[in-house]
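**Q** Sequence:
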Amino acid sequence: MPSIRLRLLKWLIGPILLINLAGGALTYLLAWMPAQIAFDQSLSDAAGALGARLAVRDGQWQIDLPRQAEQVLRNDDTDAVYFTVRDAGGGLIAGDADFAAPRRPLRALAPQAYDAALRGEPVRTVALRYDAGGRSATIAVAKTLRKRVQIRGAIVRALIPLEALVTLASVGLIWFSVSNGLLPLNRMRNDLNARGGDALAPISDTDVPFELGPVVHAFNGLLDRVSVGAKAQHDFLANVAHQLRTPLAGLRTQLEWLGARHSEPETAYSIKLMLSSTERMIRQTNQLLALARAEPSHFEKTRLEQLELNLLVEDAIQHFVEQAALKSIDLGFDLLPTTVMGDRFLLRDLIDNLIDNAIRYTQPHGTVTVRCVRERGEQGGGLLAVEDSGPGIAPAKRELVFGRFVRLDDKTTGSGLGLAIVRDIASAHGARIAIDAGPGGRGAIFSVRFPR
0 MPSIRLRLLK WLIGPILLIN LAGGALTYLL AWMPAQIAFD QSLSDAAGAL GARLAVRDGQ
60 WQIDLPRQAE QVLRNDDTDA VYFTVRDAGG GLIAGDADFA APRRPLRALA PQAYDAALRG
120 EPVRTVALRY DAGGRSATIA VAKTLRKRVQ IRGAIVRALI PLEALVTLAS VGLIWFSVSN
180 GLLPLNRMRN DLNARGGDAL APISDTDVPF ELGPVVHAFN GLLDRVSVGA KAQHDFLANV
240 AHQLRTPLAG LRTQLEWLGA RHSEPETAYS IKLMLSSTER MIRQTNQLLA LARAEPSHFE
300 KTRLEQLELN LLVEDAIQHF VEQAALKSID LGFDLLPTTV MGDRFLLRDL IDNLIDNAIR
360 YTQPHGTVTV RCVRERGEQG GGLLAVEDSG PGIAPAKREL VFGRFVRLDD KTTGSGLGLA
420 IVRDIASAHG ARIAIDAGPG GRGAIFSVRF PR
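Residue numbers (numbering that gives the first Met the number 0): 0 to 451.
Be careful, since some hints might not be right.
As the list claims (entries may be wrong) - Label pairs and their computed distance ranges (CB to CB): (1) Leu310 / Glu263: 40 to 48 Å; (2) Glu374 / Leu250: 41 to 49 Å; (3) Gly212 / Ala157: 44 to 52 Å; (4) Arg403 / Phe332: 24 to 32 Å; (5) Leu172 / Ala395: 19 to 27 Å; (6) Ala395 / Lys271: 35 to 43 Å.
Hints listed in this document are in silico derivations from the structure and should not be mistaken for laboratory results. Ideal Cβ positions, reconstructed from N, Cα and C, are used throughout, including at glycine.
Kindly produce the complete structure, drawing on both the sequences and the hints.
**A** Listed below in structure tokens is the structure:
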């Protein structure tokens, strides 16, 4: 997947490195060229000094160059200095005889600088033509490049750390600027990642950069369309479930009336099957309605009120006594005063589904125990626990059972919606639900921990 960060860094750091490289080369030239000119000027001054000592006497060139003056001219701690003074015919007047003649014709008093080699070592040479008394003489002074190489090395050694520092500072500044410029994108990503699957509220456009405005607008348009679709689906589910409750209740009444008046075995058996199917349809319809009410995205926090959880559980258990008795299940409870903030009808759905689920999956002659207590500690809130002696749930499947229409086996009747309803109601109340194994690894314990 292409990265905006990498593209920005590539298109910023690459040109900056090239600019720094060009700047380093220019800095090197600006530092080296004046030094080169200064060195050449010193050779030119030496050649001019020799020209000042030349004179024409009796038609011949004469030079006033005492040994001490020549020693001063040649004196240099680093470089070797050479010079030559020749007449127009190339005859040696003074200096080094092996000094090569200039490559190009010279103009009077116009120094010419060029590179050459003398005695097996590169030298820098400045030559000029000196005219006097109708005669011409060539003066050339050369010096080895040792000092120039030293100075050039010093310039490079000083320039490399400076360029490295400037480059690192530029790269760091670019990295910081790009990272800081992408912070709004990171904030938007974190905001979207922190949302639940049912959070369809628009993205806040406060402090959103101009460039991200169209993206936020497009996202909000998409969320609005999804929200409309989800609301339509929710309303359809609630309306269908609500509309089915009345005719199904009437159908059950009519079947019970028929069963009471027809005692023939075949008719009674058929009516019993129809009653069983009707009961199942009524239960599923009630669960669909409860599921619609429990959708966290449609839950209104203003409906929360302070409730006695133990009283809600005590009232709910009474409706399951007969169901437990049919399977010879010991239905017990341990209820202590526990206050929670919640919606009365949704919490009743949660309790009913947990108890019903426990009774359905517990074998005959088993036990189901419902506990309600307030946990200790500053973070402690209300705890509702339903423990059964059924087959239990493998750890790998404990998260799966909260999915809609998920059933662990086909032997027990049910739609697979009960625990999905429990999960949604717990989520809407900010509660945490967990499944653990019962004592000795047998059965299961469903725990719902409400916030303080």
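**Q** Please go over all the hints and tell whether each is borne out by the structure.
**A** So, going through the hints one by one against the coordinates:
no.	hint	verdict
1	Leu310 / Glu263: 40 to 48 Å	holds (46 Å)
2	Glu374 / Leu250: 41 to 49 Å	holds (45 Å)
3	Gly212 / Ala157: 44 to 52 Å	holds (49 Å)
4	Arg403 / Phe332: 24 to 32 Å	holds (29 Å)
5	Leu172 / Ala395: 19 to 27 Å	violated (51 Å)
6	Ala395 / Lys271: 35 to 43 Å	holds (39 Å)
The structure fails hint 5 only (numbered hints given earlier).
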